[in-house]
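J.: Sequence:
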Amino acid sequence: MTDSSAGSPPAVASPPTLDLFFAALGVDPQEPLRDLVRAARSLRGHLAPLVLSVAARQGVVVGSGSADELRRMQVRVEDYRELAALLAADVPGVRVLKGPSLEQRYPEDVLRPSGDLDAYVPNEAALWGAVTTVLRNRPVGDVDVTVLGSGAHVHWVVVLRWPAQDPILDADHRVELVTFAYPGEPGVVPVRAEPPRDQVVCDLLAIAEEAFQRPFSVKDVLDLALTLDSPGCPPPKALAEAADRYRLAPELLRLSEMLHGCRALPSAANDRLRELLRDPAGRETEARRAGETGSGEPEGAWTREPCLNSGRPLHGLRLPSEPTPGPESGVRFHAFADGVLLLCPVGVFLMVETELVSPAAHESALAELRRLRALDGARP
Numbered sequence: 072m073t074d075s076s077a078g079s080p081p082a083v084a085s086p087p088t089l090d091l092f093f094a095a096l097g098v099d100p101q102e103p104l105r106d107l108v109r110a111a112r113s114l115r116g117h118l119a120p121l122v123l124s125v126a127a128r129q130g131v132v133v134g135s136g137s138a139d140e141l142r143r144m145q146v147r148v149e150d151y152r153e154l155a156a157l158l159a160a161d162v163p164g165v166r167v168l169k170g171p172s173l174e175q176r177y178p179e180d181v182l183r184p185s186g187d188l189d190a191y192v193p194n195e196a197a198l199w200g201a202v203t204t205v206l207r208n209r210p211v212g213d214v215d216v217t218v219l220g221s222g223a224h225v226h227w228v229v230v231l232r233w234p235a236q237d238p239i240l241d242a243d244h245r246v247e248l249v250t251f252a253y254p255g256e257p258g259v260v261p262v263r264a265e266p267p268r269d270q271v272v273c274d275l276l277a278i279a280e281e282a283f284q285r286p287f288s289v290k291d292v293l294d295l296a297l298t299l300d301s302p303g304c305p306p307p308k309a310l311a312e313a314a315d316r317y318r319l320a321p322e323l324l325r326l327s328e329m330l331h332g333c334r335a336l337p338s339a340a341n342d343r344l345r346e347l348l349r350d351p352a353g354r355e356t357e358a359r360r361a362g363e364t365g366s367g368e369p370e371g372a373w374t375r376e377p378c379l380n381s382g383r384p385l386h387g388l389r390l391p392s393e394p395t396p397g398p399e400s401g402v403r404f405h406a407f408a409d410g411v412l413l414l415c416p417v418g419v420f421l422m423v424e425t426e427l428v429s430p431a432a433h434e435s436a437l438a439e440l441r442r443l444r445a446l447d448g449a450r451p
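In the numbering used here, each residue's number is its place in the sequence shown (first place is 1) plus 71.
Keep in mind that the hints were calculated from the coordinates and are not lab data. Please note that the accuracy of each hint is not assured.
Distance condition first, Cα-Cα at most 16 Å in a straight line; then the derived EDC-like pairs of lysine to aspartate or glutamate [to be verified]: (1) K308 x D350; (2) K308 x D342; (3) K169 x D189; (4) K169 x D269; (5) K308 x E357.
Please put together the full structure from these sequences, using the hints given.
T.: Rendered as structure tokens:
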């Protein structure tokens with residue numbers, strides 16, 4: 072069977088209206104807009120600025136507080152857009168996921184909110200290059216590091232934060248740099264390191280991947296609708312094949328089903344996608360049920376760091392450190408009696424599996440760091 076959507080221009084999706092949000096959030100449309108905004112605030116995903124933006128587009132006069140909330144979100148979105156351009160210019164192989172590229176598919180007068188900026192980098196050298204770009208261009212005040220072993224590879228997550236324009240009302244601006252495309256779910260779907268070449272496919276699968284972290288929202292549904300019906304979107308057959316290859320067919324089908332149930336967002340492309348996803352979603356669901364979740368790495372493939380060979384992520388607890396003989400230009404893991412230290416360009420971290428660390432373990436890590444600094448200072 073041929074893909075009837077291939078080769079034909081997509082229908083242009085209708086701009087979102089407040090009716091879409093009243094229905095999606097379960098708010099009676101006879102209730103005041105205030106109730107809809109309150110419902111939007113109760114959910115993750117910065118939905119309130121999106122609702123306010125659509126309201127303003129429909130001619131609703133927003134008050135000074137709402138107008139400033141929209142302005143601050145616009146500042147955040149522009150901040151991420153500028154940073155994405157800087158990363159693309161400085162770091163070979165960087166791929167920004169979702170945010171800026173999805174934003175281009177929205178009507179010009181509808182603001183797509185973004186909580187953070189997600190970027191893939193192909194290796195450790197690119198990772199630290201990207202970190203340097205962010206540190207050089209933004210007033211970063213906080214850095215988190217997570218590492219995990221995947222077969223013979225070490226994968227990284229580095230999160231950098233800096234204050235929002237209104238740090239009391241708004242969450243910090245945040246960029247997440249990762250050396251893999253999709254993290255998966257332990258015991259369900261493995262890490263998939265390489266992103267798809269096509270940006271649209273990459274973005275839609277990144278939205279589908281979010282299902283492992285949180286429920287889908289009306290913003291995800293809107294992202295899918297506006298992307299499917301935009302110029303340059305691959306045909307449904309290509310999207311379904313990519314979802315199958317990246318083991319995300321069940322998640323993309325779930326999102327497609329949600330869009331299908333949205334009367335305000337009819338989409339012939341989604342109808343076809345939904346049909347094409349059913350078989351691969353069924354196969355993937357059965358594979359997960361049968362426990363066929365291997366990482367694809369040959370048996371016995373280990374990382375160079377024994378502390379990572381369990382496959383479980385290790386999170387970095389930043390250690391306050393005294394002035395060093397010189398900044399850490401490289402990366403090294405240092406095992407000691409009570410744990411593992413990570414010394415890297417953004418600081419020194421005690422690597423832990425849980426949030427709770429005993430005072431004794433923390434003090435032992437500090438003592439080991441002081442010992443290492445003394446040794447480094449004694450070297451010629």
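J.: Please flag the earlier hints that this structure goes against, numbers listed from lowest up.
T.: 5
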